Every structure is written in structure tokens, then in C-alpha cells.
Amino acid sequence: AQKITQTQPGMFVQEKEAVTLDCTYDTSDPSYGLFWYKQPSSGEMIFLIYQGSYDQQNATEGRYSLNFQKARKSANLVISASQLGDSAMYFCAMREANRDDKIIFGKGTRLHILP
Amino acid sequence: DVKVTQSSRYLVKRTGEKVFLECVQDMDHENMFWYRQDPGLGLRLIYFSYDVKMKEKGDIPEGYSVSREKKERFSLILESASTNQTSMYLCASSFVIQPQHFGDGTRLSIL
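Those protein sequence lines, which keep their order, are chains A and B.
Using the numbering used here, you'd call the opening residue of the first sequence number 36 and step up by one each time.
Using the numbering used here, you'd call the opening residue of the second sequence number 6 and step up by one each time.
This is chain B alone, in the form it adopts within the complex (with noise of 0.2 Å):
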């Protein structure tokens, strides 16, 4: 089974500080992309990337930097956090044009 492993369920940080969230898969996918999730507005894409290295911007990246070192690993950096990114984050990793598979989420509170 395809595992993408969100580094944690839960986060609580302060406004101006750097986030880090991590995720990691293990099927060899080539891309992989971070989403947040809020009431109403349903799933919405902030960064992905189709290869190493590579990355791409969303509908949402403002606010938001990405890095891929490695072909496993993704992470979303939240550069000095603010209330208003309180909010669930997805992360997901497909082969191409492969349905997507997504971690279990962290829910992020920035105070």
C-alpha cells in the first residue's frame, strides 16, 4: 500500500515564527503537492512538484515556500506564520496522471 506520512497530526505555533511541515512517501511518485483545507472552500493547492528539485506554484503559494531534495520528501515552509494560516495541510504524491494518495493531515493552529 502507498504510504504518505505527514510529519505531525497536530501543531500548535506562534505568529512570526518558521513552520516547517514535512512529508514523506514511499512509492518512488514523481510529484507530490501540499494542499490546506478550510470550511467552505474546500481543498486548495499551494505548491507541488514534479520532480526533484522542481516545484511549481499553486493557486494559493502566497505566503508559502516549498523545498524537494529529495525524491521522498517535500516540505512546506510557512517563512513567519500568521493567524490566518491556521488551517488543515494536505499532503499528496501521484505517479503521472495516477490518482493521488494523501497523508492523514496536520492541523495547524498559529496563535
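If we strip away everything but chain A, and leave its shape as in the complex, we get (with noise of 0.2 Å):
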């Protein structure tokens, strides 16, 4: 069974409009962290928020937020005001405390934000 899925493997969206990326993870570990990375066409993977599985409150980071929502196992990522350097694909990504430091990707969606 998929750790970490992905349902939207393609999202077309308008410039200055919020995206919320979807992403649902499957865990019995209690301790884990839901990480997201934004992939551009070059190829790198660039690091944009983390949650922590204790963490009280919704991560933040600029204009990109993750709304946790633990009971439903969910880590969707919400870009606020999206631009047009906002086009590339995105990871959501999973590590468990009982699996040292490995991290789990989902699959990926390609968002491409519209002029």
C-alpha cells in the first residue's frame, strides 16, 4: 500500500490564485514528520515546510502553508497568491521515527499557474 498519495497528478490554476495541493499519508507510527518539495523544470528539489506529528499548530513558511489535519491523516500544502515561478511539480514526503531517517515520497503533482 502507497505510504504517501497524491491524488492530483496534474493541476492547471490561475495566476494570484490560492492552490492547495492534496496529500494523504499512511502511518501507525505516532512520531513522524510530512515534509513538501517544489521541483522546477531544472531538476532540483528545493525543501519548503515541515510538520512535525506533535506540532500544535499549522506550519507556515512565506506564502506556503500545510494544513494538517492529523485525525484524517492529511498534509495538503496551500500556496497562497501563486505566481508564475510557482510552476513545477511537488513532493509530498513522509519520515517515520521507527524508520531512522528514510523519507517516503508520493508521486508528485505537476501545478502550472496560468498568466
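Because the hints were derived from the structure by calculation, they are not lab data.
Be a bit skeptical, because a hint or two may be false.
Here are some of the chain A residues that sit facing chain B, going by a computed Cβ distance under 10 Å [unchecked claim]: (1) F47; (2) K51; (3) A53; (4) T55; (5) E79; (6) M80; (7) F82; (8) I139; (9) G141.
Derived CB-CB ranges, DEER-like [what the hints assert, rightly or not]: (10) S115/A <-> P44/B: 24 to 32 Å; (11) T95/A <-> S70/B: 40 to 48 Å; (12) M59/B <-> P150/A: 47 to 55 Å; (13) P150/A <-> T91/B: 43 to 51 Å; (14) S72/B <-> S115/A: 38 to 46 Å; (15) G21/B <-> R98/A: 47 to 55 Å; (16) Y55/B <-> Y89/A: 20 to 28 Å; (17) T40/A <-> E61/B: 24 to 32 Å; (18) K58/B <-> P150/A: 46 to 54 Å; (19) K51/A <-> S70/B: 43 to 51 Å.
As the structure is a computational prediction, the values presented were derived from the model and not from experiment.
The C-beta atom is built at its ideal place from N, Cα and C for all residues, glycine as well.
Assemble the dimeric complex from its two separately framed chains, guided by the hints.
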């Protein structure tokens, strides 16, 4: 079974609109961390945001926020006021405490921002 | 800023060749990782290392080996390259339980 599920293979969004990228995860470990990475067409993976399973508040980093719903095992990335430069592939990932420092990645969502 | 440097952005090799992909990080990270990325499959972990001379198999180690003789350098080796190893290879490093930082990737084509 997939540990990380990103159900949206691709999305088209108008510039300046908010974007929500979906991510659900599956774990029985009470201690885990969730990550989002951005991969532009140039290929590098850019770390965006992190949420720990025990964090009480949703993580935020500038225009990025993580909508963490623990009971639903959901960790959606929200990008406010989207920009053309946000066009990229986005990966959700999880690290479980009992798996040392290995990270499991979802298959990604390709986001296209339209002018 | 963390810098993870992969030796080549693009590489073309022939089947049966021994291929070396090099990765160097400059932040004294304990952990280093090698992934391959294929369309529709996301990133899959090949090997990782927690310390010098230590290595652990990831999810798809077959056909690959690694070497970590120095803390800053983690090499991925394709012992006898095959066409199904044509892929994007990504190296990453991190401190323990910290986010991983990635290199720019190597697009490897095996002819």
C-alpha cells in the first residue's frame, strides 16, 4: 500500500489564486514528519515546509502553509497568491521515526500557473 | 547555504560500462542519500548512509552499489550499466531528523 498519496497528477491554476495540493499519508507510527518539496523544470528539489506529528499548529513559511489534519491523515500544501514561478512539480514526503531518517515520497503533482 | 553538488548534470554511457555518480556536500551532514526519479514513480531510494563507511539499502538497490570513504562524499556506482537504469539520479544530505537538501540531479542515459 502506498504510504504517501497525491491524487492530483496535474493542476492548472490562474495566477494570483490560492492553490491547494492534496496529500494523504498512511502510518501507524505516532511520531513522524511531513515535508513538501518543489521541483522546477531545472530539476533541483527545493525544500518548502515541514510539519511534525506532535506540532500543535500548522506550519507556515511565507506563502506556503501546511493544512495538517491528523485524524484524517492529511497534509495539504496551500500556496497563497500563486505566481508564475510556482509552476513546478510538488512532492509530499513523510519520515517515520521507526524508519530512521529515510523519507518516503509521493508521486508528485505537476502545478501549472496560468497568466 | 547548504550546497550539495553532483558531478554531472547530464551523462551518457553504454550498456555494460561501470558508471560512477559523485555527490559532495559542504555542511558536514551525517546522512547522505541516493534516489532515482522516473516519470509516474516519484523518487525511490536506492541507498543511504548515516556515517563514513556505513551504508544501508533503500527500496531499489539492485544493480547499484555505493561508497562513502569521506563524510562529505557519497558515490553511486552502477557496476554494469543497463538501459533500465536510464533515469534522473538525485543525491541528498541532511543532519539527523532534519530536512534533506538535494543536489541538482544527474540525467543519466544508458545506450
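What hints, given by number in increasing order, does this structure fail?
-> 1, 2, 3, 4, 13
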